[in-house]
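Q: Sequence:
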Amino acid sequence: MGHIERRQKEKEQMRKAIMETALNIGISEGWNAVTIRKIAEKIDYTPPIVYEYFKNKQDLFNELAMSGHRELHKAYKLAMETEPDPEKIILQLSANHWDFAFEHNALYKLMVNYNTPMTNDEIIKDVEQIQDLFFKLTKERESAKELMFNWFCLVQGYIFNTIQTAIPLHLLKNSPKNLLIEAVERLINSI
Numbered sequence: 056m057g058h059i060e061r062r063q064k065e066k067e068q069m070r071k072a073i074m075e076t077a078l079n080i081g082i083s084e085g086w087n088a089v090t091i092r093k094i095a096e097k098i099d100y101t102p103p104i105v106y107e108y109f110k111n112k113q114d115l116f117n118e119l120a121m122s123g124h125r126e127l128h129k130a131y132k133l134a135m136e137t138e139p140d141p142e143k144i145i146l147q148l149s150a151n152h153w154d155f156a157f158e159h160n161a162l163y164k165l166m167v168n169y170n171t172p173m174t175n176d177e178i179i180k181d182v183e184q185i186q187d188l189f190f191k192l193t194k195e196r197e198s199a200k201e202l203m204f205n206w207f208c209l210v211q212g213y214i215f216n217t218i219q220t221a222i223p224l225h226l227l228k229n230s231p232k233n234l235l236i237e238a239v240e241r242l243i244n245s246i
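Just so we're aligned, residue 56 is where the sequence shown starts under our numbering, counting upward by one.
Note that these hints are calculated values from the structure, not bench results.
There may be inaccurate statements among the hints.
Mimicking SDA-like on lysine to any residue, the simulated pairs with C-alpha atoms at most 25 Å apart in a straight line are [claimed, not checked]: (1) 143 x 88; (2) 112 x 88; (3) 132 x 143.
Pairwise CB distance ranges, derived in the manner of DEER restraints [said to hold, decoys possible]: (4) 133 x 176: 46 to 56 Å; (5) 195 x 61: 48 to 58 Å; (6) 193 x 93: 46 to 56 Å.
Remember, it's a predicted structure, so these values are computed and weren't measured experimentally.
Cβ coordinates follow ideal geometry from the N, Cα and C atoms, glycine included.
Work out the full structure: start from the sequences and follow the hints.
A: What follows is the structure, encoded as structure tokens:
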């Protein structure tokens, strides 16, 4: 490995260390506790070094959010590649979204709460593919867009309410995830 390749690898490792440190702080202390100074202290560097990789905290948050979207995209892609039935894919995407939100709770909150952009080529492609699933069910482009939006609000609403509210879940006959899947099934059956 030459000097240029080694230097590039070191830069990538530093960028990854900064992101992992920020994520760990976000998980343990909350996103408001993440500061460039705190990250620098934890990785034994000075804040100007961190600023070489990220222009500010929002830039770092945006990159972390995009890493979460990429992870969720992998689950979406797998579901779309392995299942031909659009109804089953939509149900699987709903379950994947739920699982991601609860397995990566802090990252998910960052993705949806901190003004992180939700528009890039990967996300737009996912949205278009999901719209196409609903189009296969409705055969109407505008209806497909509205149904996709309804689906997204339904998934986000169940996740948000389960995370944020103090609903005594033990009083429910079914788990919130199963209730979400049943609600998505009702949405699909209404088409």
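Q: Broken hints, numbered, in rising order?
A: Per hint list: 1 and 4 violated.
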